Amino acid sequence: DGGITQSPKYLFRKEGQNVTLSCEQNLNHDAMYWYRQDPGQGLRLIYYSQIVNDFQKGDIAEGYSVSREKKESFPLTVTSAQKNPTAFYLCASSIKREGGFEQFFGPGTRLTVL
Amino acid sequence: QKEVEQDPGPLSVPEGAIVSLNCTYSNSAFQYFMWYRQYSRKGPELLMYTYSSGNKEDGRFTAQVDKSSKYISLFIRDSQPSDSATYLCAMSSTGANNLFFGTGTRLTVIP
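Protein sequence lines correspond, in order, to chains A and B.
Sequential numbering from 1 applies to the first sequence in the working numbering.
Sequential numbering from 1001 applies to the second sequence in the working numbering.
You may find that some hints are simply not true.
[To be verified] Part of the chain A face toward chain B, derived, beta carbon under 8 Å:
(1) Pro8
(2) Leu11
(3) Phe12
(4) Lys14
(5) Glu15
(6) Gln41
(7) Phe55
(8) Ala61
(9) Glu62
(10) Gly63
(11) Gly100
(12) Phe105
Hint data in this document are derived by calculation from the structure and do not stem from the laboratory.
Remember, it's a predicted structure, so these values are computed and weren't measured experimentally.
Each residue gets a CB set at the ideal place from its N, CA and C atoms; glycine is no exception.
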């Protein structure tokens, strides 16, 4: 089955710790994204990558870092510099369609800072 | 002003009702419009994808785009309890890789 997997599903972190969220896709999509979802605020873009070894900051990149060493993988690190990291994190990948891009989402990781 | 505005609801309807969900936007460059359905604690899944103005129908779902009014709608006919979810609108401009999302409308269909 093709799709996007995220792990872990739930993650607990102590203040001051860095954590890395995994995102893997076997859809052969070039572009991948990380979003953060908070109640009442919709999805906010953290980082995105259009090709391997290249990525761009989104609207709320401060306190986060990413890498894109393989086409299939786009891990997100939430650093201790992120002041309010408790949220639902969604990874997505996209294909080009009719001049636009159709995004597919993974199941998400819920991060809670204790 | 946000680029995409969506009434967060919540919206409760009886089973079998017609549901209308709406978004407005401010950027006239948006050409691609999507509706996602998100169940609680799950990732969004794409329901409808439309380009430019007009209607698109898929089973019980109809998406409408009115670019002159900068207004998009999703209609759900014969709503079912399984339609209970949060519905997110999203849109982008030509060639752009980024989507702009509404905040989502929470829908509950009561049996």
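Hint check results:
no. : hint   : in the structure
1   : Pro8   : 13 Å, violated
2   : Leu11  : 14 Å, violated
3   : Phe12  : 16 Å, violated
4   : Lys14  : 23 Å, violated
5   : Glu15  : 24 Å, violated
6   : Gln41  : 6 Å, holds
7   : Phe55  : 12 Å, violated
8   : Ala61  : 13 Å, violated
9   : Glu62  : 18 Å, violated
10  : Gly63  : 20 Å, violated
11  : Gly100 : 3 Å, holds
12  : Phe105 : 4 Å, holds
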